[in-house]
Every structure is written in structure tokens, then in C-alpha cells.
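Asks: Protein sequence lines correspond, in order, to chains L and Y. Residue 174 in the numbering used here sits at position 174 of the first sequence, and the numbers go up by one each step. Residue 92 in the numbering used here sits at position 92 of the second sequence, and the numbers go up by one each step.
It cannot be assumed that every hint is accurate.
Here are the simulated BS3-like pairs of lysine-lysine, each with C-alpha atoms no more than 30 Å apart in a straight line [what the hints assert, rightly or not]:
(1) Y:K100 <-> L:K159
(2) L:K229 <-> L:K218
(3) L:K175 <-> Y:K183
(4) Y:K183 <-> L:K3
(5) L:K266 <-> L:K60
(6) L:K229 <-> L:K73
(7) L:K43 <-> Y:K100
(8) L:K218 <-> L:K173
(9) L:K187 <-> L:K222
(10) L:K266 <-> L:K175
(11) L:K73 <-> L:K38
(12) L:K264 <-> Y:K100
(13) Y:K100 <-> L:K218
(14) L:K159 <-> L:K175
(15) L:K173 <-> Y:K173
(16) L:K218 <-> L:K271
(17) L:K3 <-> Y:K173
(18) L:K218 <-> L:K159
(19) L:K229 <-> L:K266
(20) L:K161 <-> Y:K183
(21) L:K44 <-> Y:K100
(22) L:K133 <-> L:K187
(23) L:K73 <-> L:K3
(24) L:K3 <-> L:K60
(25) Y:K100 <-> L:K60
(26) L:K38 <-> L:K133
(27) L:K220 <-> Y:K183
(28) L:K218 <-> L:K264
(29) L:K60 <-> L:K38
(30) L:K161 <-> Y:K173
(31) L:K222 <-> Y:K100
(32) L:K187 <-> Y:K183
(33) L:K44 <-> L:K133
(34) L:K161 <-> Y:K100
(35) L:K220 <-> L:K133
(36) L:K264 <-> L:K229
(37) L:K73 <-> Y:K173
(38) L:K133 <-> L:K229
(39) L:K248 <-> L:K327
Worth flagging that the hints you see were computed from the coordinates, not collected in a lab. Quick caveat: nothing in here was measured; it's all calculated off a predicted structure.
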Amino acid sequence: MDKYGDYQTEDFLQDESFINWVLNPEEASNRSWAAWVKSNPHKKETVQKAIDIIRSFDFKQEPVAESFYTDLKQSIDQTIGYSNQAAPKMATLFPKWLSIAAVVTGILLGGAAVYYFMQPSYTVVSTPYAATKTIWLPDSSEVVLNANSNIRYLSSWNKHKREVWITGEAFFKVKHITTAGEIQHFKVYAANTEIEVLGTEFNVKSINNNAIGVMLQKGKVKFSVPARKMQTIMQPADYCQYNASLGKIITSPADPELYISWMKHKYRFEKTPAREVCQTLTAYFGYGFIFRHAELAEQHISGTLELQNEQLLLSTLSELLNASITKSGRDFIIE
Amino acid sequence: MEAVKPSLTALYKASPQEELWDNFRQGSRDAFAVIYQEHVDDLYHYGVHFCGDGEQVRDCLQELFHDLWQSREHLTDQLQNIRYYLLSSLRRRLLRALEKDRRLRAQTSEIPFDFELIPPREHFIIQDEKQQEQLQQLHVALSALPRRQREAIYLRFFHDLSYQEVADLMSMKVDSVYNIISKAIGVLKRMLPPAVLLLLLSPGK
Numbered sequence: 001m002d003k004y005g006d007y008q009t010e011d012f013l014q015d016e017s018f019i020n021w022v023l024n025p026e027e028a029s030n031r032s033w034a035a036w037v038k039s040n041p042h043k044k045e046t047v048q049k050a051i052d053i054i055r056s057f058d059f060k061q062e063p064v065a066e067s068f069y070t071d072l073k074q075s076i077d078q079t080i081g082y083s084n085q086a087a088p089k090m091a092t093l094f095p096k097w098l099s100i101a102a103v104v105t106g107i108l109l110g111g112a113a114v115y116y117f118m119q120p121s122y123t124v125v126s127t128p129y130a131a132t133k134t135i136w137l138p139d140s141s142e143v144v145l146n147a148n149s150n151i152r153y154l155s156s157w158n159k160h161k162r163e164v165w166i167t168g169e170a171f172f173k174v175k176h177i178t179t180a181g182e183i184q185h186f187k188v189y190a191a192n193t194e195i196e197v198l199g200t201e202f203n204v205k206s207i208n209n210n211a212i213g214v215m216l217q218k219g220k221v222k223f224s225v226p227a228r229k230m231q232t233i234m235q236p237a238d239y240c241q242y243n244a245s246l247g248k249i250i251t252s253p254a255d256p257e258l259y260i261s262w263m264k265h266k267y268r269f270e271k272t273p274a275r276e277v278c279q280t281l282t283a284y285f286g287y288g289f290i291f292r293h294a295e296l297a298e299q300h301i302s303g304t305l306e307l308q309n310e311q312l313l314l315s316t317l318s319e320l321l322n323a324s325i326t327k328s329g330r331d332f333i334i335e
Numbered sequence: 001m002e003a004v005k006p007s008l009t010a011l012y013k014a015s016p017q018e019e020l021w022d023n024f025r026q027g028s029r030d031a032f033a034v035i036y037q038e039h040v041d042d043l044y045h046y047g048v049h050f051c052g053d054g055e056q057v058r059d060c061l062q063e064l065f066h067d068l069w070q071s072r073e074h075l076t077d078q079l080q081n082i083r084y085y086l087l088s089s090l091r092r093r094l095l096r097a098l099e100k101d102r103r104l105r106a107q108t109s110e111i112p113f114d115f116e117l118i119p120p121r122e123h124f125i126i127q128d129e130k131q132q133e134q135l136q137q138l139h140v141a142l143s144a145l146p147r148r149q150r151e152a153i154y155l156r157f158f159h160d161l162s163y164q165e166v167a168d169l170m171s172m173k174v175d176s177v178y179n180i181i182s183k184a185i186g187v188l189k190r191m192l193p194p195a196v197l198l199l200l201l202s203p204g205k
């Protein structure tokens, strides 16, 4: 290591082996440096300067939760056709009439089986109350299912006709796919509405039995109600709601955060009637809310509720409403 | 000043990496998992510095590891540094994604991380006010470097790539990378009296 005798600070900072020693002093291949520095006391100052400069490099870095990486790994494993026990359970749904037919008319079993192979079968993923789930479709589009929701698609998955059916609420991150210069469309069916997309991010929610709300975060979608021959093209930050009893689509600008905060296990509300907040909570947790006074239900509240801590959620809600909340059976009474 | 040629033996840790890579190429899920575990955190942080959009980085990482697995049989058997391979692949993907994004979005949003340096970690409690002030100055000097210089520093000193690899990754000549570093050091030297640098040594390692 004779050449190092004439080295200046800059030279050390450009020497791979020196830098490796400073970065990994414990590694066996770098240890000769410690001995060299010891036997060359006249270089101590120069060397120390170089070390200081290297050590002073430090970069901003936000901590990342371990779960972020395990989730990502799971998604990767799913897209490469390898899933472990932690992956969401998939169930194959047979047409209902078929299972009945098969049981009742045993003789026709063979015939029914032939029929079964000709009939489409669906893959269904569903979530229980109070839990969300992220799934990857065969085209590696991402879907986050909110609590008490389900998604269904053809097990055979037609890549030229990507279609899924949902109930409840889900957030979609659709993969933009073009084959031979042609954009592959993606369709979501929710109740009697259709959402057609090219590759985009949006949230779909069944508000109750006859209303569907779509929040578009990115890209462009066509929201339509085929039975009524109605359709509208949505732009980012548009919120569209179709209400079957009103028979029309209402479009309004909105803050996407309010509609997708559930994915972070939070519900954010802004000037929302308490009745609606509780409807959302009912959809998520499965228990009901009873308002003792009608005014209370119509009171507008703003805030954030933590979905993973029920106690905190209830006390926050009670603060926001300035009312007491007590449990009674499967319901909560607000007064 | 002469550019010093990196000595290969010191650069690359011997066989474990090669063995891991071989196992992976032969379809070992475990090797794949180890590669993921070892690098994903560094890759993510580099990506966030590079483009500032965590979601985008996540998407690119998913794609990267997906493609890595799918194409394992066709990958070179002479990979010298997995980390370099992954970092450069991520960088290409991010550039492509940003390019696409720019066409979609008119305005360019600002990058929140952007190879931002933070003040040197305090390895020991600094009681001397003057010393603290000088540390602060050092940080200011580093932060004032152009983005590309900061990226080169980040890759060389934070991700432990060789100068040659930094050059390849940033599509530069290796001499230019040496230049960046000596320019950066020049700035530091101008800004800092030698005494400051000496003050930084001291007890903590």
C-alpha cells in the first residue's frame, strides 16, 4: 500500500478500497487499512479528514413500516403465481342452480358435470366486517376491498374483456394495458351501473341498495347506467353518484381523500350529516346506530375516525356529536 | 491528480452473492425472497429520493421484482453486483414512468425528497455551541450541491456502489463522477476551515 503515502484527502475519497473500509470497517478484506493508518502517523490528519467527510454524508429517510414490504412481497408473489397461506382465500362459485341440480338429480350428475365445464365459473373474494383486503387481479390490477364487500370475476379471465362485479366498496388501481396498439378496456359492474376505464384509480361504493358513488382519483372513466341509457365521462376529482330512486347521475367536484381514507383504516368526514357517517360505520362494522333525536342525526360533523380502535372511534364520535353513545345489544344508541 | 483504478478484489465480496444469484436463476423461491429482503428497503428509499412519489416507487418495485422472477432464466450468470443491477433497473423504470406521467400531467410537481441531505447524525452529545454551529455549516455546504452531485454521493456513499457503477447507472463517464466528488469536496474545503473537519472526528464512531 505504498502509493498511499502521498495521498491527499481528495485522493482517499476517490479510492474504492479506502471508502469500502470506512463504510464497512468490520469486513475482513478492509482490515488492512486500520493497520496502515496506525503505521503511518503522519497521514493521520489527512485520513481523518476523508473519514469525516464520508461520515458526514447522511440523507433524509422516512421510516417505512415492515408491513409495507411484506404486503408488497405478497403482491409480487401473487403476480408470479405463488401465494402462501397469508394470501386471501379464493373461492370458486358455481352457478347456484347447478349445485341444486347435481344434488337432486343424481342420475344426471354426469351430464351436469359436462355442463359445468361449459358454464363460466367465478372467482370470488370477500371481506368480513371491520377488515379490508388487497387483491391482485390476473392482469395485476390492484383492488382494495373495504369491509363487508366482495368482488367476483371469471376464473378463466379474459384478458381482452376485463370485467369484475362488486358489492360494497372497493378502490381500483387499474393496470393500463395495450396489446397490438389497442387499449384493453376494463369494466366494473356495481348494482345496475357500469364503470368503464382505460387504466386509472378510482373508488366505487354502494351507498345503499339503490345508490352507487364513484370517486375518480386519476385517469378517466365512463360511468353509465345502461338500463336508463345514461352515461357521463368523469375527470379526476369528480364524484359521481347514481341514485336509482331519483333516476339520475349527479356529478360534483370532491376531495378524493375523503373517499379513500378508509384504505388507511380511517374515515374522514367533512360537513357530513351524522346519519351518513353512521351509515358508513354500519357498512363497515355491521352494527347499527340509533339516534334518539332527529336533529342529532342531521347534525353536520367534520373529523377523522380511527377504524382500528373501536373505543377511540366511539369516544371521538361522541365528542364530535356532543352526545353520549351507549351500547345496547348489537346497536349503539346516540342521545 | 490521477484517477485511481478500483481494485476488484476489495470491491466485490466473494462467493455468497454469486451463489445466491445462481440459486435464484435456477428457480429458488428462497433465494428470490432473500434478494428481496436484502434490497427492497434501499431500493425504496432510493426511489423516493429519485422521484418523490412513494406510490410510483411501489408500483415500479412490484413490476421490477415480477419481471426479475419471470426472466430469471435469461439473466446473466455473471452478475457482479445484485444491488447495482436492481438500482439501475429501478432507475430506468422510474424514468419511464415519470416520462409517461409528464405527458399526462401538465405541471411538474415538486419532489419532496430529492436527495436531500440531513445534518450529520450526532454520535455524541455536543456541548460546545461553536462545534454545533460548524456541523450546521457542513450540512449547509452539502445541501447546496447540485442535485446530480448529491445523487452521485448518495449512490457511492450510501448505497455502496463503486465509482464505475455510479457512472454506468447515471450514464456518465467514470471520470465525470470523480470530478463530481472532487468538486463537492472542493466546495466543502472552501466552506470549512480545516479545523472544523478535525473537530468532527472525536470519540463517537
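Asks: Indicate, hint by hint, whether the structure satisfies it.
Replies: The hints, checked one at a time:
Straight-line distance between C-alpha atoms of K100 (chain Y) and K159 (chain L) comes to about 23 Å, which keeps the hinted pair within the 30 Å bound. Straight-line distance between C-alpha atoms of K229 (chain L) and K218 (chain L) comes to about 25 Å, which keeps the hinted pair within the 30 Å bound. Our distance criterion of 30 Å between C-alpha atoms is broken by K175 (chain L) and K183 (chain Y), whose separation comes to about 44 Å. Between K183 (chain Y) and K3 (chain L), the direct Cα distance comes to roughly 23 Å. Compliance with the 30 Å bound is thereby established for this hinted pair.
About 27 Å separates the Cα atoms of K266 (chain L) and K60 (chain L), which keeps this hinted pair within 30 Å; it holds. Annotation: proposed proximity of K229 (chain L) to K73 (chain L) is violated, straight-line Cα distance about 43 Å (limit 30 Å). About 52 Å separates the Cα atoms of K43 (chain L) and K100 (chain Y), which puts this hinted pair outside 30 Å; it is violated. For the proposed pair K218 (chain L) and K173 (chain L), the alpha carbon gap of about 9 Å is at most 30 Å, so the pair holds.
With a CA separation close to 9 Å, the supplied pair K187 (chain L) and K222 (chain L) stays within the 30 Å bound. At most 30 Å may separate the alpha-carbon atoms for a hinted pair to count; K266 (chain L) and K175 (chain L) meet this at roughly 26 Å. With a CA separation close to 46 Å, the supplied pair K73 (chain L) and K38 (chain L) exceeds the 30 Å bound. Our distance criterion of 30 Å between C-alpha atoms is met by K264 (chain L) and K100 (chain Y), whose separation comes to about 27 Å.
Restraint check: the Cα-Cα separation between K100 (chain Y) and K218 (chain L) comes to about 14 Å, which is no more than 30 Å; the hinted pair holds. Pair hint K159 (chain L) plus K175 (chain L) holds up; C-alpha atoms about 12 Å apart against a cutoff of 30 Å. Between K173 (chain L) and K173 (chain Y), the direct Cα distance comes to roughly 39 Å. Violation of the 30 Å bound is thereby established for this hinted pair. A distance of roughly 24 Å separates the Cα atoms of K218 (chain L) and K271 (chain L); the hinted pair therefore holds under the 30 Å criterion.
Between K3 (chain L) and K173 (chain Y) the alpha-carbon distance is near 25 Å, which keeps this suggested pair within the 30 Å criterion. Taken as a hint, the K218 (chain L) and K159 (chain L) pair is honoured in the structure, with Cα atoms around 22 Å apart against an allowance of 30 Å. A C-alpha spacing of about 36 Å is found between K229 (chain L) and K266 (chain L), which places the hinted pair above 30 Å, so the restraint is violated. The suggested pairing of K161 (chain L) with K183 (chain Y) is violated, with an alpha-carbon distance near 56 Å, which exceeds 30 Å.
For the proposed pair K44 (chain L) and K100 (chain Y), the alpha carbon gap of about 51 Å is over 30 Å, so the pair is violated. The hinted pair formed by K133 (chain L) and K187 (chain L) meets the criterion: a straight-line CA distance of about 20 Å does not exceed 30 Å. Distance check on the hinted pair: K73 (chain L) and K3 (chain L) sit about 47 Å apart at the alpha-carbon level, beyond 30 Å; violated. With a C-alpha separation of about 36 Å, the suggested pairing of K3 (chain L) with K60 (chain L) is violated against the 30 Å cut-off.
Among the hinted pairs, K100 (chain Y) with K60 (chain L) is consistent with the structure: their alpha-carbon atoms are about 27 Å apart, no more than 30 Å. Only pairs whose Cα atoms come within 30 Å are accepted, and K38 (chain L) paired with K133 (chain L) is rejected, the gap being roughly 58 Å. As the CA atoms of K220 (chain L) and K183 (chain Y) are separated by approximately 47 Å, the hinted pair breaks the 30 Å bound. Our distance criterion of 30 Å between C-alpha atoms is met by K218 (chain L) and K264 (chain L), whose separation comes to about 18 Å.
For the hint linking K60 (chain L) to K38 (chain L), the alpha-carbon distance of about 34 Å lies beyond 30 Å, and the restraint is violated. Among the hinted pairs, K161 (chain L) with K173 (chain Y) is inconsistent with the structure: their alpha-carbon atoms are about 48 Å apart, more than 30 Å. Pair hint K222 (chain L) plus K100 (chain Y) holds up; C-alpha atoms about 22 Å apart against a cutoff of 30 Å. Only pairs whose Cα atoms come within 30 Å are accepted, and K187 (chain L) paired with K183 (chain Y) is rejected, the gap being roughly 55 Å.
Restraint check for K44 (chain L) and K133 (chain L): not satisfied, since their Cα atoms lie roughly 58 Å apart, outside the 30 Å limit. Restraint check for K161 (chain L) and K100 (chain Y): satisfied, since their Cα atoms lie roughly 24 Å apart, inside the 30 Å limit. The suggested pairing of K220 (chain L) with K133 (chain L) holds, with an alpha-carbon distance near 25 Å, which does not exceed 30 Å. Only pairs whose Cα atoms come within 30 Å are accepted, and K264 (chain L) paired with K229 (chain L) is rejected, the gap being roughly 36 Å.
With a C-alpha separation of about 35 Å, the suggested pairing of K73 (chain L) with K173 (chain Y) is violated against the 30 Å cut-off. About 33 Å separates the Cα atoms of K133 (chain L) and K229 (chain L), which puts this hinted pair outside 30 Å; it is violated. The straight-line distance between the Cα atoms of K248 (chain L) and K327 (chain L) is roughly 38 Å, outside the 30 Å bound, and the hint therefore fails.
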